[in-house]
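There are 2 protein chains.
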Amino acid sequence: MIKPLDYRDGVLYFLDQRRLPQEETYVPCRTDQEVAEAIRSMIVRGAPAIGIAAAFGMVLGARRLAARTSGELLAGLEGVAATLTATRPTARNLFWGVERMRACALRCRDRAVEDICRELEAEALRVWEEDIAGNRKIGQAGQKFLGDGSAVLTHCNAGALATGGYGTAIGVVRAAVEAGKKLVVYVDETRPFLQGSRLTAWELLKDGIPLRLITDSMAGHLMKRGVIQAVIVGADRIAANGDVANKIGTYMLAVLAKENGLPFYVAAPFSTIDLSVSSGEEIPIEERPAREVTHLAGEALAPEGVEVCNPAFDVTPAAYVTAMFTDRGAIFPPFAENLARAAGEKVD
Amino acid sequence: MIKPLDYRDGVLYFLDQRRLPQEETYVPCRTDQEVAEAIRSMIVRGAPAIGIAAAFGMVLGARRLAARTSGELLAGLEGVAATLTATRPTARNLFWGVERMRACALRCRDRAVEDICRELEAEALRVWEEDIAGNRKIGQAGQKFLGDGSAVLTHCNAGALATGGYGTAIGVVRAAVEAGKKLVVYVDETRPFLQGSRLTAWELLKDGIPLRLITDSMAGHLMKRGVIQAVIVGADRIAANGDVANKIGTYMLAVLAKENGLPFYVAAPFSTIDLSVSSGEEIPIEERPAREVTHLAGEALAPEGVEVCNPAFDVTPAAYVTAMFTDRGAIFPPFAENLARAAGEKVD
Chain A
0 MIKPLDYRDG VLYFLDQRRL PQEETYVPCR TDQEVAEAIR SMIVRGAPAI GIAAAFGMVL
60 GARRLAARTS GELLAGLEGV AATLTATRPT ARNLFWGVER MRACALRCRD RAVEDICREL
120 EAEALRVWEE DIAGNRKIGQ AGQKFLGDGS AVLTHCNAGA LATGGYGTAI GVVRAAVEAG
180 KKLVVYVDET RPFLQGSRLT AWELLKDGIP LRLITDSMAG HLMKRGVIQA VIVGADRIAA
240 NGDVANKIGT YMLAVLAKEN GLPFYVAAPF STIDLSVSSG EEIPIEERPA REVTHLAGEA
300 LAPEGVEVCN PAFDVTPAAY VTAMFTDRGA IFPPFAENLA RAAGEKVD
Chain B
0 MIKPLDYRDG VLYFLDQRRL PQEETYVPCR TDQEVAEAIR SMIVRGAPAI GIAAAFGMVL
60 GARRLAARTS GELLAGLEGV AATLTATRPT ARNLFWGVER MRACALRCRD RAVEDICREL
120 EAEALRVWEE DIAGNRKIGQ AGQKFLGDGS AVLTHCNAGA LATGGYGTAI GVVRAAVEAG
180 KKLVVYVDET RPFLQGSRLT AWELLKDGIP LRLITDSMAG HLMKRGVIQA VIVGADRIAA
240 NGDVANKIGT YMLAVLAKEN GLPFYVAAPF STIDLSVSSG EEIPIEERPA REVTHLAGEA
300 LAPEGVEVCN PAFDVTPAAY VTAMFTDRGA IFPPFAENLA RAAGEKVD
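Those sequence lines, one after another, are chains A and B.
Yeah, the first sequence ends on 347 if you go by numbering that gives the first Met the number 0, and it's all consecutive.
Yeah, the second sequence ends on 347 if you go by numbering that gives the first Met the number 0, and it's all consecutive.
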């Protein structure tokens, strides 16, 4: 199984996603600041994986503080939380992960500093394990919607590398394959960071799941020609009304799926759902450096001095979404109502 | 003015479009085979430019044959035509350019070999000049539809580099700017060959026309946010019913424009229109090498062994097209009727 991160002897290791598929190297992080930098520079990416990284970032931060009292520790953790959440604005799971760790610290505030640190570590490990377990539930919820012999289009990487180790959208594909279905995955390369060609293609090849790599611009053509039967993507944040922020280019796929009468599925854990934002309009969209668009592997792709837009995400209105596969089962429209209902339920 | 090609002393020079924007080098072609290879390897690309290249290819072929009789020359030219048309299947102008030269040779079949060669050379020069003049008419026909202060999205390169030297879609932008309008051009980078970032961005920068470079996946997001007011693209072949074959990704833009209530314009000379194919379904779509998707500047972007689709074009159904700007004026739906009518008219 692909391990996007690892935690041993108080050190967090990230499989460096900037260097895949050429190199499989792990980058060690010993402090919360190093974790923050790994998130910012996209050594680790993918909303659920960022959530797990943030949880461990809180553990490493707690240790780095070397607080003498629990009060000092809890106060210091606020700074750690601020460092971690300042890295990337869109993915809900980042804030969720930090929030969960803060709540854990608060719960055991009356205990010794070393106890609190141990509790935080146990909590981060639970966040990680629960993410993988949640991914498997997402896979079960979604796989029945993918027909045997069908071709499924995905965008970006919502696989093992984007999560604790199984995947959301690709987790659904894995679950379908485990259920004995034959699938072909069409993989958008996902410019500018190429999560599709570098990460999703690598994962699927490793698992022996048939795939075809395409540029982002080919998806519509293949849908129109009847080559694709369904679209499935992950999510970075889902608003209370069901609007979905995900990797730039997702909205285009949703529009094209609708135009071609294809289902458009979103696979995400509940930690991606943000009931505090009423619609996608309120989700902040990160603008990334121009160089991601103008350069590749140090090579200039565009003339010098060109102005660039580089929004990392877009928002797909809920109206385009056929169903959401979550760790609380499949959710259908009307999303405002059904997300709220599912949010009220306890996870089993 | 940007010169995508030049012809001096019986040698055809192409500005090497594979090396832009880093290097401005001209590649000399002395034979029809060299021209065919330049078309195949995309040293020269863009439907109208390919048409001009093919016309000069016929001239170089005629000279290479060193025929002793006009009969021998005309017979040999059939082989030259076959070599040239075997390079790329989609762009109409390639076939149109060869056909026009063949007709020229036939018209003067009773003259001396050297006379026929001279006539062919004069005809190729006319093809080139007429293309530039036609581009200016396209520009005039289209520019009135671009509002002052508006942002226009384009895909691929339908500029000077794709034509004799002014541009179709970018010709319309140039004409609008010459008419005193302020425009911003949003330039899709156009994977996999990056005609947008490498060629269109370079052209616009050179001409001082404001632009913003984006990845192909960002177009929908910007349309939805109200940033874009119109889409304008070139064409590689237009069927009798108005279906438009153009660079892969064009269809996606057309669907997104419709969904967002924006006009979708196609700018092309009449030499791109193929009344012999009734619909876009009949237009052959070129499949290009996988390496264009998996590699960039020699660098691997994807894991080895990955399967790839690389259709170079797609077909946008006529129903998505708001208007076509041609060298015979603006043409509106119903296209089947109005293209036929315009085809019957003599160019002024």
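Just so you know, the hints here were simulated from the structure itself, not pulled from any lab data.
Check the hints yourself; a few may be wrong.
Below, a list of computed lysine-lysine pairs in the BS3-like style, where the Cα atoms sit at most 27 angstroms apart [stated by the list, open to error]:
#, chain 1, residue 1, chain 2, residue 2
1, B, Lys257, B, Lys205
2, B, Lys257, A, Lys257
3, B, Lys181, B, Lys205
4, A, Lys223, B, Lys223
5, B, Lys143, B, Lys181
6, B, Lys136, B, Lys223
7, B, Lys181, A, Lys223
8, A, Lys181, A, Lys205
9, A, Lys257, B, Lys223
Evaluated hints:
{"no.": "1", "hint": "Lys257/B x Lys205/B", "result": "violated, 32 angstroms"}
{"no.": "2", "hint": "Lys257/B x Lys257/A", "result": "holds, 13 angstroms"}
{"no.": "3", "hint": "Lys181/B x Lys205/B", "result": "holds, 16 angstroms"}
{"no.": "4", "hint": "Lys223/A x Lys223/B", "result": "holds, 22 angstroms"}
{"no.": "5", "hint": "Lys143/B x Lys181/B", "result": "holds, 13 angstroms"}
{"no.": "6", "hint": "Lys136/B x Lys223/B", "result": "violated, 32 angstroms"}
{"no.": "7", "hint": "Lys181/B x Lys223/A", "result": "violated, 36 angstroms"}
{"no.": "8", "hint": "Lys181/A x Lys205/A", "result": "holds, 16 angstroms"}
{"no.": "9", "hint": "Lys257/A x Lys223/B", "result": "holds, 16 angstroms"}
Hint compliance for this structure: hints 1, 6 and 7 are broken, all remaining hints hold.
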